[in-house]
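Participant: Given next are the chains, with one letter for each unit.
There are 4 protein chains.
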Amino acid sequence: MIVIMSPQATESDIEQVQQLLADRGYGVHLSRGVERTIIGAIGALDEEKALVAEQLDVLPAVERVVAILKPYKLVSREARAERSAVPVGNVEVGVQKLAVMAGPCSVESEQQLMECAEGVKEGGAAILRGGAFKPRTSPYDFQGLGEEGLRLLVAARERTGLPIVTEVRDVRQVPLVNEHADLLQIGARNMHNSDLLKEVGGCDKPVLLKRGFAATIEEWLKAAEYIAAAGNLNIILCERGIRTFDTTLRYTFDLSAIPVAQAETHLPVIADPSHASGQSEYVAPLAMGAVAAGADGLMIEVHPQPERALSDGPQSLTPTAFAKLMQQLRSVAAAVGRSM
Amino acid sequence: MIVIMSPQATESDIEQVQQLLADRGYGVHLSRGVERTIIGAIGALDEEKALVAEQLDVLPAVERVVAILKPYKLVSREARAERSAVPVGNVEVGVQKLAVMAGPCSVESEQQLMECAEGVKEGGAAILRGGAFKPRTSPYDFQGLGEEGLRLLVAARERTGLPIVTEVRDVRQVPLVNEHADLLQIGARNMHNSDLLKEVGGCDKPVLLKRGFAATIEEWLKAAEYIAAAGNLNIILCERGIRTFDTTLRYTFDLSAIPVAQAETHLPVIADPSHASGQSEYVAPLAMGAVAAGADGLMIEVHPQPERALSDGPQSLTPTAFAKLMQQLRSVAAAVGRSM
Amino acid sequence: MIVIMSPQATESDIEQVQQLLADRGYGVHLSRGVERTIIGAIGALDEEKALVAEQLDVLPAVERVVAILKPYKLVSREARAERSAVPVGNVEVGVQKLAVMAGPCSVESEQQLMECAEGVKEGGAAILRGGAFKPRTSPYDFQGLGEEGLRLLVAARERTGLPIVTEVRDVRQVPLVNEHADLLQIGARNMHNSDLLKEVGGCDKPVLLKRGFAATIEEWLKAAEYIAAAGNLNIILCERGIRTFDTTLRYTFDLSAIPVAQAETHLPVIADPSHASGQSEYVAPLAMGAVAAGADGLMIEVHPQPERALSDGPQSLTPTAFAKLMQQLRSVAAAVGRSM
Amino acid sequence: MIVIMSPQATESDIEQVQQLLADRGYGVHLSRGVERTIIGAIGALDEEKALVAEQLDVLPAVERVVAILKPYKLVSREARAERSAVPVGNVEVGVQKLAVMAGPCSVESEQQLMECAEGVKEGGAAILRGGAFKPRTSPYDFQGLGEEGLRLLVAARERTGLPIVTEVRDVRQVPLVNEHADLLQIGARNMHNSDLLKEVGGCDKPVLLKRGFAATIEEWLKAAEYIAAAGNLNIILCERGIRTFDTTLRYTFDLSAIPVAQAETHLPVIADPSHASGQSEYVAPLAMGAVAAGADGLMIEVHPQPERALSDGPQSLTPTAFAKLMQQLRSVAAAVGRSM
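The listed protein sequences derive, respectively, from chains A, B, C and D. Every position in the first sequence, counted from 1, becomes a number in my numbering once 25 is added. Every position in the second sequence, counted from 1, becomes a number in my numbering once 25 is added. Every position in the third sequence, counted from 1, becomes a number in my numbering once 25 is added. Every position in the fourth sequence, counted from 1, becomes a number in my numbering once 25 is added.
Keep in mind the hints are simulated off the structure, nothing from the lab. Quick caveat, the model's predicted, so the values are computed rather than measured. Among these hints, one or two may not hold up.
[Said to hold, decoys possible] Now the in silico label distances, taken between C-beta atoms and shown as ranges:
#1 C:P85 - B:T272: 21 to 31 angstroms
#2 B:P112 - D:R102: 53 to 63 angstroms
#3 A:D48 - C:Q41: 35 to 45 angstroms
Beta carbons are placed, not taken as given, at the ideal position from N, Cα and C, and that holds for glycine.
The following block holds chain A by itself, in its conformation from the complex (with noise of 0.2 angstroms):
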């Protein structure tokens, strides 16, 4: 941590901030520039740097405090300086082969969930996706089936031989989604929940999280940090779009949010082009762009009726469409050294 003095300060001033981090256990080391005094803060415990900075950032005489560390230390490159991989039932995520996750926005049916779970296995994908508990941002929108949409999912795993993976929305859902379900998703609107983040922190079953709509890279992986630091380290990232000025697609997909993310997490990083354009016809070029960035995986929305779906039915797509975009993703996986 570095404080930057005001060309105001004194000479008290600049004694009282020595002071208060002497008092808190930090090195102090004094640097006068021609402009501005410097005082570098070496050492101390994590915990407390951030609520230090803070609090030093209101006295008048400290113009700025720079952060030296990265607010997040579990779940990065220097904790961990190989690729994790993440098991997801019989599946693996990250390090080589690329994960390809598929399946309806929201289960239905139970004829619409096993057409499309035949479909996308079909087609190559390695673990089936399906909404139970949907987040919906008016209330007048299909709320999903809850458990029996769950109950769905368990059949068609058995039926397919699939993992699953299925939003949980609500701290009381835990318990339930995390018996049944392969991989727990934490949704884009829950990215910023503290209290979701802890409850399955301590389950044992993989989190997929989704980078918030509006959230920072760091803001992500501090979200990521609070999931490690209860106790659950199988942890997936997975860039879904950012809200920006522009509203031609639904959401912005941040490419760069992939190979930045690898460099400084060890965690399997994966895109959702379906909700990043929110167009069906925008989700190829989005696949295969992030594939050949680097992406560990993808998650792709299908449905066998997109224009009958209760949700998300412009970004779906069929069943055909998907296995001809996998023919495609593979060529692009294979340039760039990776296997499907």
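Go by the hints and put chains B, C and D onto chain A.
Facilitator: Coordinates of chains B, C and D only, in the frame set by chain A:
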């Protein structure tokens, strides 16, 4: 709802859309332009509109679907033409008098809270704020005193007579907070948490709904509609800054959100200049601007010793600075025909 | 400037950076922490700092370079502690009195301009605005009357006695506009046009510098520094709304930019609520808020018949609505100790 | 154009709008819904549509005006269904082959440029880039060699046979740059500079139009329409990153802009991963992603000694790193059916 057909749409595409709308109970109105055919859909159930629009949008022959009505009803000016006043304990928020809510970001100790409560009462605050359950972006930050914080707030109400507002962060805390607080705050990070919105919608206490820092005004009003649809119309909206490309301050205070939300809904709209700016020296100009633009109240963070605060010290005013600001606010309020 | 070395940096990397800094004339100050080594660079020529920082940043052993000083000098509060007043014809902008600039978006005809000029004078405007050279996003939009518009503005000044402000859009127009106008406006789209900034920096007339709609406050002040560095310190800053994810109004008015720019520079700062909102019904609340927050003036679009305006009709006030707003603004100005 | 009347609109308001549209030559189509009356306007001159829409929007009885057609024509897919190829010297950009433009950010000296030009030629670049007139955000930054830089570029073309692309920043430089360069670059900061767009629209050389970092895709295509409307249809679009709330990298690379611009226009679309990322370690993943998503080419900054570059060193590749990237790009290009 207006359906704009693509230039390639055939007669049979147009018929298909007309039939689909008729099947769902809509009146249909066809208009053939030089370059596009347009189909107007009249009537039918509100609840289904968004879904039908989405499903039509899937059809390749449909270029775009334009919604005519707003996606919120109970909170809209069309549902109630006059401005609503919301009772909070013995205080009314909205219509004529300006309500200032003030107090510490977090309840930290009995002494800190009492000192603060008496300070803000003296300065002229109408409602005492204080966080017991804190949402934090890092697992290493102070998470609040929880139930003990709530008990201290109740004691502060007894001592000062000020009604209390505190954040409820998790569905499991709702019964407890509803029992003790006079106003339930939904924080910015939870604005999209539909489970929590429904729970407070079932409470008998009024709700303060902060705007998510990446929520459009429309999404914010849809979140209010969630609460209203669950039975609770005592809602106060609060603008607290949005995330933009400019990171000079913590957030960008969206002044226009105040008059826009007042034009679109009948609900009172207040401003939180403390979170918007993140720096105590900018709280006053934003507060002054909000009142002059027509805000129905303010929420301001006050701490007896900001340099020792366990959260948000840099944006906290001392009781003395708060009292001075209240003095200036009274002049501006009077200039726009409001009293405090 | 502080250089933060990466955890992998070797002794020879550290020496290389120290040598590099010494070669450029910097004093060097080394501080070894537990997890990082930090090198402070003291002194040397301002002009080279940004470049040296960039070049150091290329080295793999350097994690990050932190600038200590702001990238603008002549316009900063450190260069001049008191607020500056800028003379515009016979009017002074800044310090105590509030200056309102009003008039049509585009000069369309003699009759329109004269009617407008007399209307805004009667309402209490201090300066007449009017566009002769219009920047438009579509080639099919009205591009302004050009030189003829300038001639009409001069005639309106003769008739009303109000100084005139008009936009200069292209370096080739600078001599002509400088000859006739009292205040040269640089529009938001040209804030990054360094050639144009240099040209008006060489003029003897004051400059009104609008903030680019995607410019950080720092970039805006760097643009002002361009003008100042070319010799012209008579600069008025104007906040006119920024682009954000919320498209309810045309732009998001950044109220905080006013006090921030006033804290960082000695220049007067005014607000343009017309472009910020894009809708006449929101001009008044934003104007009121800006004055209460401390703006040194306003720029407001007025048109005798907004429904016939050739540009920006939806955000234009009629002369009657303008006069009513001025009435309300006088109360708010008085409440914050300013006069109009 | 569809006019949505407000719920308060009277019969005479509706008649007024119908009359107004008829006077401007539109066919009129009335549709009365349960809660709103809607007026469709059919036909009439394109040039006036935006203005008529704006003027109708001023009327209090009009709630909203919805445009049906896109605001660009000459560059649209409706004007030309097949993809266009743009000749640049002896190279064709667009359709099948991928064109890579590479070279230094700024031309700094003969030696630097020649070394760089030979390096990128060897690596497989098709076109040499280099800045002679540099737009900089600070007046204290290196502003480019100007005319001398142009002379050096011409010499490098003679030596290597590669066509050259360079930025033209000011209308006064257009004749000179048009005389020497093979491709005129309009930089991101000038995308909204309509005077400059018109000037290059009158040139006989093709134009590379970078997207403004805060421009919507629609505004970018309207800027291309400016050039086309002035007579020059040889336009290459270039996505180079947009400004968002996330400042981890210099800009956020908008991958989706590539397929969207290709769907909306017939123009070739390339990507600039160097400016998008601002850091050399992220150039490769973004470049790979862009090619997999269908980009028609790339623009990449290369410098023989990035740590001595006078601008953009941190994002520059060495010739060796560039050659290695080209190797990888060839595999991805082949996987998507393109050659380099």
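Participant: Each hint needs a verdict: does it hold in this structure or not?
Facilitator: So, going through the hints one by one against the coordinates:
Roughly 27 angstroms separates the CB atoms of P85 (chain C) and T272 (chain B), a value that falls within the hinted 21 to 31 angstroms. A hinted range of 53 to 63 angstroms holds for the C-beta pair P112 (chain B) and R102 (chain D), which are about 58 angstroms apart. A C-beta distance of roughly 37 angstroms is found between D48 (chain A) and Q41 (chain C), which places it inside the suggested range of 35 to 45 angstroms.
Comparing the model with each numbered hint stated earlier shows that all of them hold.
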